Amino acid sequence: MLKRIALWLLPIIVIGTLFYWPMSNVLGRGLTGDWFAVLSEGNVASAIWFTVWQAGASVLLCLLIGLPAAYVLYRRAVPGGRALRALITVPFALPTIVTAIGFTVFQKQNVHHPGSGIGTWITSPIFWILAAHLFVNFSVIVRTVGSSWANLSLDTEEAAALGGAGRFRIFWSITRPQLMPAIVSASATVFMYCAGSYGLILVLGGGNVNSIETEIAMAANQRLDLQEAGALAIFQTVLSIAAFALSATGARSRIGFEAHDNLSRQPRLDRRDWPAIVVTGLALLLVVAPIYEIVDRSFANDDGSYTFKNYLDLGGHGARNLLNITLEQAALNSLRNVAVATLLAVIIGTLVAYLLSRQAKSKHVRLANRIMDVAFMLPLGVSTIVLGFGYLMTFGSGLLPLRTSWVIVPLIQGLMALPLVVRIIYPALATISEELGEQASTDGASALSTFLRIELPLVRDSIGAAIGYAAIISVGEFGAASILAYGSQATLPTVLYQLISRPGGNNYGMAMAMSAAVILVTFAVVFAASLPSRSRRLRRRHRVASR
Amino acid sequence: MQTQSRKSRIPKMAYATITAIALTLSLGACSSQSSKTVTIATHDSFLIPDALINQFKKETGYSIEGVKVGDAGELTNKLVLTKDAPIADAFFGIDNTFAGVASKNGIVDGSMSKIDYADVCFNYDRNWFAANGVAAPTSWQQLTDARYKNLTVVENPATSSTGLAFLFSTVAKLGEPEWQTWWKKMFANGMKVEAGWEQAYYVDFSGSAGHGQYPIVLSYSSSPADEVGKDGLSRTVSINHDCFRQIEYTGVLKNAKNPTGARALVEFLKSKAFQSSVAENMYVYPVDATVALPDAWAKFAPASKSFVNVSKLPFDEKRATWLDQWSKLAGQ
Chain H
1 MLKRIALWLL PIIVIGTLFY WPMSNVLGRG LTGDWFAVLS EGNVASAIWF TVWQAGASVL
61 LCLLIGLPAA YVLYRRAVPG GRALRALITV PFALPTIVTA IGFTVFQKQN VHHPGSGIGT
121 WITSPIFWIL AAHLFVNFSV IVRTVGSSWA NLSLDTEEAA ALGGAGRFRI FWSITRPQLM
181 PAIVSASATV FMYCAGSYGL ILVLGGGNVN SIETEIAMAA NQRLDLQEAG ALAIFQTVLS
241 IAAFALSATG ARSRIGFEAH DNLSRQPRLD RRDWPAIVVT GLALLLVVAP IYEIVDRSFA
301 NDDGSYTFKN YLDLGGHGAR NLLNITLEQA ALNSLRNVAV ATLLAVIIGT LVAYLLSRQA
361 KSKHVRLANR IMDVAFMLPL GVSTIVLGFG YLMTFGSGLL PLRTSWVIVP LIQGLMALPL
421 VVRIIYPALA TISEELGEQA STDGASALST FLRIELPLVR DSIGAAIGYA AIISVGEFGA
481 ASILAYGSQA TLPTVLYQLI SRPGGNNYGM AMAMSAAVIL VTFAVVFAAS LPSRSRRLRR
541 RHRVASR
Chain U
1 MQTQSRKSRI PKMAYATITA IALTLSLGAC SSQSSKTVTI ATHDSFLIPD ALINQFKKET
61 GYSIEGVKVG DAGELTNKLV LTKDAPIADA FFGIDNTFAG VASKNGIVDG SMSKIDYADV
121 CFNYDRNWFA ANGVAAPTSW QQLTDARYKN LTVVENPATS STGLAFLFST VAKLGEPEWQ
181 TWWKKMFANG MKVEAGWEQA YYVDFSGSAG HGQYPIVLSY SSSPADEVGK DGLSRTVSIN
241 HDCFRQIEYT GVLKNAKNPT GARALVEFLK SKAFQSSVAE NMYVYPVDAT VALPDAWAKF
301 APASKSFVNV SKLPFDEKRA TWLDQWSKLA GQ
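Respectively, the protein sequence lines represent chains H and U. Here this note's numbering is used: position 19 in the first sequence is 19, and no number is missing along the way. Here this note's numbering is used: position 201 in the second sequence is 201, and no number is missing along the way.
FYI, nobody ran anything at the bench for these hints, they're computed from the structure. Everything numeric in this text was worked out from a predicted model, so none of it was measured. We put the beta carbon where it would ideally sit given N, CA and C, even for glycine. Check before you lean on any hint, since a few could be wrong.
Computed footprint of chain U on chain H; a stretch qualifies when at least three of its residues, placed anywhere within it, have a C-beta under 8 Å from a C-beta of chain U [what the hints assert, rightly or not]:
(1) 38-45
(2) 205-214
(3) 219-230
(4) 312-324
(5) 480-492
(6) 497-506
Below, a list of computed lysine-lysine pairs in the DSBU-like style, where the Cα atoms sit at most 30 Å apart [stated by the list, open to error]:
(7) U/Lys270 <-> U/Lys83
(8) U/Lys305 <-> U/Lys173
(9) H/Lys108 <-> U/Lys185
(10) U/Lys149 <-> U/Lys185
(11) U/Lys230 <-> H/Lys108
(12) U/Lys184 <-> U/Lys36
(13) U/Lys270 <-> U/Lys299
(14) U/Lys257 <-> U/Lys58
(15) U/Lys299 <-> U/Lys272
(16) U/Lys328 <-> U/Lys184
(17) U/Lys173 <-> U/Lys114
(18) H/Lys309 <-> U/Lys36
(19) H/Lys108 <-> U/Lys149
(20) U/Lys318 <-> U/Lys104
(21) H/Lys108 <-> U/Lys184
(22) U/Lys328 <-> H/Lys108
With the hints as constraints, model all of the structure from the sequences given.
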């Protein structure tokens, strides 16, 4: 018992220092002022309204595209299904700044001559923000709802179909109620991501459209109004924690990369599925189009001819010597940050998951576990901008003057990945700890050796998924890095933002070339992760053999 | 034996992890730069040629490390937010619209020195006006005219120091509340707003590299010097009427790790060597009047002689209010 408390000490110190301390500083700053007056200011109120409605609209769009796609890709046997399911995951794994760069290409192409009256809605930044949110997030709906859908029994549906019910009626009256928890959970998750979206709105909105996130950054960076930033941070935190709580109640499903062995046993597509097939086709087009644009632009000269020049420029500092460091150095910084952030998140996350998964014998321990569970989940509901300013206020001087050091960026990124790591590893450990733990301890094995020799290998896939998620978060993280990473510490996303926000000369072409390279790497990683892992293959073979 | 190992091994692992993390943290926190480097925080448009970096190193022994942090406003505010442990030893590019913020927050060690100035004026694309048979504007006040509908692109004053300088010009020239009426007319006249100067000038402006859709852009009196074509003429013209004179400063930051190096660098920025580089590299006029300007400048990019008088404008007290009022007009 005492040992367990001692083991809790490390994670508690980490989350206390890296999360609760800076958060209390930033929220405290908001509360000291007349925050209600701040929230009713014109620009603040409109930023809040925009944040809420665009997030809501994004969710609806994602459902509209995501549900039919979930049906086709998870409920029906599709040729090349695994590759297609991996493909739709690519946008989610891409750094948001790369997505933003992709959509600026569309934005530029669709600027018709002003006044001609054509396509004014398409010149509105809001249209492109919604499109980009759809691009990034619809796979959350597809994957979450799809996983539930794949595991529903087919019997009722088949019976209803024999009774003459149409596809849509079957969906509405039989399938939809069963999928409701997954739909609610996925929708709340998408809402949370879209409400916390920063880089996309910053780049595509061009300063003309502001959400809570960009308004917080503007208040602090451009007006030095930390009171307003703090007041908005309080609102943002309440909003996203509410969305997060809703998403957590909906589904208890495991998250991770693809792990469905039963998809090949789904019924084939038939002619009556055509509306769903059309929507899925549109969804795939939506995924491919911005990626195609970036790759195409990366080989384009100013005059439209094709060239490798943009790639050759990547070793330099851009037009007018814009960049403090080259993209190569920025990529190395990002890799270093990924290594530290992932290590931090996976070590602490596994420890927390391990401690949470131990059997609680008394009511008090169960309550304590529940509190810890929530305490380590909360960072998931806090935006990177809010946390970034918390770090700026907390670690500038005083007890831990970390701000001047490069570790500050991987620390904040590791903290952001921590809740996801716990969420991925904990359920896996919980299912095996009950059976194995008791048996092994009666055999006299130490807790550590049981964990290392038996449990850890069994949850290897989950740890792999956790590493993958932590790395994705760290590589793509832009908001906090834009606040904390200066000069030679710039990361890939912050350098890409510099290039896209200061076009002219070869800067635009360099942003395209680097984005294309990032896309290529993301593709490789996502597709590699979607292949069945060795242990899963072995287990399947074993299952077949023992049958 | 078993219990023994169980007791000792787990804390050992925990200790090891704690030590590893503590070590990483302390290593990071303690790694200070060598005193032979001097770091300068600047806005994104700062440019010092390699030859001068080498000359500075030869003369003083210091290498220069540049840290670019956005536009003049962002630069000033980030220096304020990080003043306890500054991100650099010296700064360049705080301008006269933000100098008050810098001195009020006490981020400068000693005084600030003027290095250069630039005149914020509108530019237009000569060829576009010739081809379309429209008379080119001669002052920004005319841009609300129906003739110039959908022709103008400006920078957002909330995100660009160029845009902010012009917002101040309108307030100073037109007064309260007429400046708001003027902007309202501009929005109604199809004015486009971009976040930064580079987007407005290089992407939207028809007279520069991007061949955009807008023949009038908010830029600088010096910009036409960069648009001289093969015929020896500039494709663009600056409307040197009621411009805003932006003055840029340098200085040593308080709590700098290398104040001696920073002072040497500030002196170097004032020297003839650096002063003669600013026109060509940053498209600004050197404060040292004895420094000669490039030839094309006399012809295409003379400094403006007509300014808005902003000396009585309370920049610091009213900046937030004016920006707020402007944003409301933009949102309508």
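We went through each hint and held it up to the structure:
no.	hint	in the structure
1	38-45	holds (count 3)
2	205-214	holds (count 3)
3	219-230	holds (count 6)
4	312-324	holds (count 5)
5	480-492	holds (count 3)
6	497-506	holds (count 6)
7	U/Lys270 <-> U/Lys83	holds (24 Å)
8	U/Lys305 <-> U/Lys173	holds (16 Å)
9	H/Lys108 <-> U/Lys185	holds (26 Å)
10	U/Lys149 <-> U/Lys185	holds (10 Å)
11	U/Lys230 <-> H/Lys108	holds (29 Å)
12	U/Lys184 <-> U/Lys36	violated (53 Å)
13	U/Lys270 <-> U/Lys299	holds (26 Å)
14	U/Lys257 <-> U/Lys58	holds (21 Å)
15	U/Lys299 <-> U/Lys272	holds (23 Å)
16	U/Lys328 <-> U/Lys184	holds (10 Å)
17	U/Lys173 <-> U/Lys114	holds (25 Å)
18	H/Lys309 <-> U/Lys36	violated (36 Å)
19	H/Lys108 <-> U/Lys149	holds (21 Å)
20	U/Lys318 <-> U/Lys104	holds (15 Å)
21	H/Lys108 <-> U/Lys184	holds (26 Å)
22	U/Lys328 <-> H/Lys108	holds (26 Å)
Of the numbered hints given earlier, the model fails hints 12 and 18; all others are met.
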